[in-house]
Amino acid sequence: TASSTAPGSSQCSRDINVLWGQQELSLTSRLTVTAGVRYDSYSDFGDQWSPKAEVVFALAAEHRLRGSYGHGFRPPYFGELYLSQPPFFVGNPDLVPEVSDGFTSGYTFAGKAARFSIDGYYTKVKNGIIFFQLSPNRFTYQNIDRYNSKGVNLAASVDLPWGFTPSVAYAYNKRENPEGAEVGGYPNHAGFLKLLWANPRLGLRANLRGQINGKVPPGVDGTYQPSYDLWSAQVTKRFARLGAYGVNVY
Numbered sequence: 024t025a026s027s028t029a030p031g032s033s034q035c036s037r038d039i040n041v042l043w044g045q046q047e048l049s050l051t052s053r054l055t056v057t058a059g060v061r062y063d064s065y066s067d068f069g070d071q072w073s074p075k076a077e078v079v080f081a082l083a084a085e086h087r088l089r090g091s092y093g094h095g096f097r098p099p100y101f102g103e104l105y106l107s108q109p110p111f112f113v114g115n116p117d118l119v120p121e122v123s124d125g126f127t128s129g130y131t132f133a134g135k136a137a138r139f140s141i142d143g144y145y146t147k148v149k150n151g152i153i154f155f156q157l158s159p160n161r162f163t164y165q166n167i168d169r170y171n172s173k174g175v176n177l178a179a180s181v182d183l184p185w186g187f188t189p190s191v192a193y194a195y196n197k198r199e200n201p202e203g204a205e206v207g208g209y210p211n212h213a214g215f216l217k218l219l220w221a222n223p224r225l226g227l228r229a230n231l232r233g234q235i236n237g238k239v240p241p242g243v244d245g246t247y248q249p250s251y252d253l254w255s256a257q258v259t260k261r262f263a264r265l266g267a268y269g270v271n272v273y
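Counted from 1, the sequence shown has number 79 at position 56 by our numbering; the numbering is strictly sequential.
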């Protein structure tokens with residue numbers, strides 16, 4: 024049972040019952056199939072069965088192809104339904120659950136010192152829940168009838184001498200309604216950079232991270248977001264270690 028005392032609303036609650044099962048089968052030495060199903064029962068939004076399946080084929084010890092299908096079911100959160108923060112935000116109690124069917128395919132490489140993966144996806148969403156601008160200073164959530172989300176995810180990392188491990192990731196995403204208009208809400212392009220250095224003998228770890236987000240295209244309400252970057256650096260020193268415990272300074 025989940026409950027909420029969101030500002031501006033009376034006490035609200037819901038009962039949630041979940042049942043799921045999954046089975047993995049190795050059909051051959053190279054081919055593995057995983058299938059499963061999940062049952063959700065919400066006292067305020069009814070029942071839903073959500074099947075899923077995944078296939079992994081090993082081309083060689085370090086190379087794999089993979090593909091999957093999954094059905095998704097997401098009822099609105101209490102904040103999306105009932106949260107009220109005048110004059111800037113008001114919940115939408117008329118929201119209905121978001122339902123999706125998604126397909127993915129990809130390739131992975133996992134060597135001794137290098138790793139690489141690329142995955143493409145295509146998801147059909149019905150009654151998608153999106154952030155919506157009612158007026159210049161008033162916002163809520165609303166359902167959008169249908170839209171398709173498609174994209175590509177790339178990731179790579181390599182272990183270099185002297186304790187250095189650089190990694191990079193890139194994501195492309197595009198969300199469109201059946202008429203071809205962009206839904207917005209997410210950047211079309213995003214990247215992540217990380218440089219990790221570690222010296223276990225000295226008890227030192229340091230990393231530099233960068234999150235690069237492209238601009239968010241205008242959504243159904245006309246709002247958009249410019250591109251921006253986030254950078255952070257961290258250094259950790261271990262001064263003492265007692266078995267599985269240690270004293271670290273960040």
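Please keep in mind that the hints were generated in silico from the structure rather than gathered at the bench.
Please note: incorrect hints may appear among the correct ones.
[To be verified] Derived pair list, reagent style DSS-like, types lysine-lysine, alpha-carbon separation capped at 27 Å: (1) K147 - K75; (2) K197 - K238; (3) K147 - K197; (4) K238 - K147; (5) K135 - K173; (6) K173 - K260.
[What the hints assert, rightly or not] Quick list of simulated restraints, FRET-style, between CB atoms: (7) V56 - W254: 36 to 46 Å; (8) G102 - G69: 33 to 43 Å; (9) V181 - L225: 19 to 29 Å; (10) E85 - T246: 40 to 50 Å; (11) G245 - S49: 48 to 58 Å; (12) H94 - H212: 26 to 36 Å; (13) P74 - E199: 24 to 34 Å; (14) H94 - L225: 42 to 52 Å.
Even glycine gets a Cβ: it sits at the ideal position worked out from N, Cα and C.
The hints, checked one at a time:
1. K147 - K75: Within the cut-off at roughly 15 Å; holds.
2. K197 - K238: 12 Å, holds
3. K147 - K197: Holds, at roughly 12 Å.
4. K238 - K147: 23 Å, holds
5. K135 - K173: 32 Å, violated
6. K173 - K260: Not OK: K173 and K260 at ~42 Å, beyond 27 Å, violated.
7. V56 - W254: 36 to 46 Å: 42 Å, holds
8. G102 - G69: 33 to 43 Å: Violated, at about 21 Å.
9. V181 - L225: 19 to 29 Å: For L225 against V181, whose Cβ atoms are near 22 Å apart, the range 19 to 29 Å holds.
10. E85 - T246: 40 to 50 Å: 45 Å, holds
11. G245 - S49: 48 to 58 Å: The hint (48 to 58 Å, Cβ to Cβ) holds, given that G245 and S49 are roughly 51 Å apart.
12. H94 - H212: 26 to 36 Å: Hint holds: Cβ distance 28 Å, inside 26 to 36 Å.
13. P74 - E199: 24 to 34 Å: 26 Å, holds
14. H94 - L225: 42 to 52 Å: 50 Å, holds
Checked against the numbered hints above, the structure violates hints 5, 6, 8; every other hint is satisfied.
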